[in-house]
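Peer 1: Chains as they are written, first to last, in our numbering: chain A, 1 to 211; chain B, 1 to 982.
In case anyone wonders, no lab produced these hints; they're calculated from the structure.
Keep in mind that a hint or two might mislead.
Restraint ranges, calculated between C-beta atoms of paired labels, are given here [to be verified]: (1) A:Ser85 x B:Pro759: 20 to 26 Å; (2) B:Asp914 x A:Trp196: 54 to 60 Å; (3) B:Asp771 x A:Pro202: 54 to 60 Å; (4) A:Ala133 x B:Glu352: 46 to 52 Å; (5) B:Pro958 x A:Ala133: 18 to 24 Å; (6) B:Pro958 x A:Phe155: 53 to 59 Å; (7) A:Ala133 x B:Thr408: 24 to 30 Å; (8) B:Leu943 x A:Pro202: 38 to 44 Å.
Calculated pairs, SDA-like style, for lysine to any residue (alpha carbon to alpha carbon, straight line, at most 20 Å) [unchecked claim]: (9) B:Lys223 x B:Ala192; (10) A:Lys183 x B:Gly962; (11) A:Lys183 x B:Gly888.
For each residue, glycine too, the CB sits at the ideal point set by N, CA and C.
Residues per chain are reported as follows:
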Amino acid sequence: MRFTIVSILLMTAGVVPAQVWELGGAAGAGFSGSPAITGPLGQASAGLAGGYAAGAALGQSMGRWAGGEIRYTYRPGDLRLSAGSQEALFKSVTHTIHYDFLLYAQPLEARVRPFVAAGGGIRVFRGAGEEHAYQPLQDIALLTRTQEYKPLVSFGGGVRVALSRRVFLRLEARDYLTRFPSKVITPAFGAEAPGWLHEIVPLIGVSFGIE
Amino acid sequence: MRIPKESSWWKLPPLALLIATAAMAGTFGRVIPLGGHAADLALDEARQSVYVANFTANRIDVISMATESVTTSIPLPPQPASVALSHDGRFLLVTHFGNFLPPNTPFCGLTVIELPDRGTRTVALADPPLGAAFTLDGWALVVTSREFLRFHPVTGAVEVLDTVENVSANTLPAPPPNFPPQIVAASVAASADGLMVYGLTDTIRFRYDHIARRIFSLGYTAKPPLGPRVVSVDRYGTLYAAGWALFNWKGNLLAQFPHASGQLHVGSHAIDTDRNLLYAQVPEQEGEPPVLMVADADNLTIRERLQLPENLAGRSALTSDGATLYAISDSGLMILPVGGWATRERRLVTSEEQIFLQANFCDARAPSIEFRVEDTSGQATDFDVTSSEPGIRVLPEFGTTPATLRVTVDPVVYATRRGTVEAWLTIRSAGAVNLPPPVRVLVNFRDSDQRGTVIPVPGKLVDILADPVRDRFYVLRQDRNMVLVFDGLTRRLLTTLRTGNTPTQMAITPDRRHLLVANDNSQLANVFDLETLEATHPVVFPPGRYPRSIACSARAVLAASRVMGPQNTIDRVDFQARLATEMPALGVYQNTVNMNTVLVASPNGATILAAQADGGVLLYNASADTFTIARKDFTGLAGPYAASASGLFLVDNVLLNPSLVPVRRLDTGGGRAAGFAFLGENGVMTTIPAGDLPGVIQRVEPARPGNIRPTRMAESPLYGEAGAALTRTLAPLANQNAIISLTASGLTVLPWEYDALTPSPRITAVVSAADFTPAVASGGLISVFGENLGPVSQATSELPLPTALAESCLTVNGRAVPMLYVSPGQINAQLPFEVEGPATMILHTPAGVSESFALTVAGAAGPVKNIPTIVRAANGELATPANPVHWGDTVVIYVTGLGRTTPAVEQGVPAPFDPLAVALVQPEVTLGGVRLPLAYAGMSPGLVGVYQINAVVPYGTPSGLGVPLTISQGGASTTLQVRVVE
């Protein structure tokens, strides 16, 4: 996977030489989907509990209408299993790093520039809670203290507002789509993991232009 | 206030020990001789000084706290008797008790010493001052033989607060030898916050409330005298000790030292508010070696006894950090580092206060058990041990701490003995400062026809009561001032409840919500909420009344009180107000009863029987709300007492009809009736036969004469003693599955149908306790299945495991088998290590002996059993799918059947911690095909029949939800699935 990321970066650098760079930070929240794990003893929805997200991005302009950025997002949040009135939570954190291409609806010199973004990268799921001999809903799935890496597809969009010549306000959202992390949320014997896990992450941030 | 003059077997061993060890033991505290009779002291922590009033040398001796030596003396007018330090530390006020008769010149007055420059000012008083104490406002309360005065040390102003009545001061010169506490005969002390002052003279107790500026005075009489003549106050003035008694601020007597001798000039005490302790020397007899008691400051339960170099002789004062106690002593001043008595002083303690050993006909081995002697300071301290019984030996008989001692019983000496033998192990030391209490050893010998399971409970047990609605029963442990709350099903101790001093009897209120406890050395009855098992407001009795017995009818709560006065009475309790008052009369009879009177209410609350040791009986009728019957048909009564719902009563061995007319004397077979309980219309009675025989329990049917199925018990029931002749020792449980008797070793649990005829036991299977397969191993845990294996269900946590449990005993090839659990259908036990190969098992129960059961026992390398118990060392929890094994983890695998060990471990005995008992044949453990390095494989320390394997999970071990873990040993193996995570 490391090879993939490096390849994307090199490819991008080759296509768009000598552009304006942007460096910024953002904060927001993450809202995970809750796909179902189905087993012989029942069904439970599984995912990440809601929580804050924070990250940084390094972007570049590719002409007047396009751009690209590499982004890191830190997102702490419990692993969660729930079925009916039962719920199991397990401390966890995800680290996401990805590269997105951005297409703007307004040219580079516009003050307000809506954009759409798409790209890919990797997401690290890390179960960090304390394990105990008994866990609620353990007949369906097991929340585990371990970590696993998953390829990531990122979609999203937002708007970039120029506050000054070099300072920009960014309002945006991403949908992080990965295969379901079945090592940290392990289906119990006979249970089946869902195919995908996606998470919507709205962010607000500030970036600074560097020529 | 009065001390009961009773003789008790219980106090004999400590007293004998105290006298025997006095000459040879270490002592606690350092004496600074002052050359004169010290009368009082005050601590000046700011100046690191102690001021001691030297009564006969007419000076104040100043002792440095730092160097523990006399730094200077301040000469004063004659007879400085008490000292008080102002709260700002500026003034030391000295009273002068120079109450000389002509032709000597009297001097009664005060001296104010300005401490910064040691300047003195003297003020004459008309009457001899008895004591003084400063209050928060800078004034001093001065008590003279005629007045309570307020005195200002700056202005010299004197105000009269109140007059003192009925106090006469002693005169000088006094005949020798007489000491300051005997001459001044008064003590005054203030709380550290300066808001309360308490005082004591020969005839009055008083409290001065600084906020209200009022004196509250109360006349009293005390027998013996209220000595030592010292008042100690807690920091906030809510509690104070005066002489041998402890009072709350209202003056209610919370507790008193039993058996106090009342000497005015010997002893002292001080309250440590932070630790809720009272340090006290309150001698029980003249001339006894000096001992400092460390007691709880609420009910005076003694925690420790420390030997002093000489007698204390007046006030004690504790430093504000509670580290050091300064006390007036015979030679002058004694300095006691009480802050470290528990950890820094050489103090011998034993691991057990009572040792219970059980021999039975199944087990030919000599009963034996180990216990530890240690010094809490960690030092090597000498000791020697002697046994009061020649057939009960302890080895080694002397040594240094820490040491493990083994008690061994010679079965030959007691070959014909049945029941329980008692011995006391006296432990002495030349180096230890404390008096370690003797260890009580109880050895029970029984035949197969002796019924009941003995549950050893240490201490002096004086009453038992079954909860009528909860599956619990309550036992009074008098020597520790507590109620023991037991679960009725498991018979395990649930909790303890603190009572007043010397609790004597319990009762439950008609609403079954509260438990009341009467106390012989507290002027209150404790009240506990049975739902929460918490103490609520106690019932307060009038001064001089000690409730010894209490009973609750549907209409009234009555208490039989020992009274410091001409006659003992029955008092009526206002339960809502929690106050008791003397009944003006008992119906048409005078309210005077024998001191040894017990009350018991009928289960329906219709009546209360009062039975007196002098032979009298009285009956309170709840409908009439008065006493309706009084009779005296006997010259004396002792033993059990009980009341039925049908109107029948029993006292001693006599059944009484509803008019308390004796209708039948029950046959005790020449012995004594010890316990009785009504079971509906009928009853059960326990008796103590003459001679060294165990007790007997039999059923009683009022309409049917003669003994009904008398059955020998495991041991003798308890019996009353002088001063408490009437006792309750039998409690049928509400769940109707057992009858509990107070017996020699504690409790004996008898099945409800203890005399039912049951068929002989039959063994149908013997299997491994791990997987219920027939493959069993030496030293392994087994389950025996069958019919009538035991009369009751009983589990034990006793160690070593008993070889007789719930009246059943099991043998394999003639060797007794230690058991963990017995029930009618199953027994769990540990196979002896010595048994190997073909074996024969036989079970003995009260119903008979089983036929032989053949089995084969594997030896050194037994068949490993897959008790699926794997624990992750990382969190100490069971390895489960939710708590998976991780790479790098250490896992502890508990198994049974790993066979013999080195060193060998005795059957029924917990495996040792040092040295560890390592399996002779080491097992091999693989996980997912990867061999795990073993850190240890052998018996699990502290457990019986259980082995453990400590193994490390290497990185790279296959992971998954169900990875096979295989344990192999000696060609046998077992496999279980575990979850492994990277």
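Peer 1: Compare the structure with each hint and give your call.
Peer 2: How the hints compare with the structure:
no. : hint                            : verdict
1   : A:Ser85 x B:Pro759: 20 to 26 Å  : violated, 51 Å
2   : B:Asp914 x A:Trp196: 54 to 60 Å : holds, 57 Å
3   : B:Asp771 x A:Pro202: 54 to 60 Å : holds, 57 Å
4   : A:Ala133 x B:Glu352: 46 to 52 Å : violated, 34 Å
5   : B:Pro958 x A:Ala133: 18 to 24 Å : holds, 22 Å
6   : B:Pro958 x A:Phe155: 53 to 59 Å : violated, 38 Å
7   : A:Ala133 x B:Thr408: 24 to 30 Å : violated, 43 Å
8   : B:Leu943 x A:Pro202: 38 to 44 Å : violated, 57 Å
9   : B:Lys223 x B:Ala192             : violated, 30 Å
10  : A:Lys183 x B:Gly962             : holds, 14 Å
11  : A:Lys183 x B:Gly888             : holds, 18 Å
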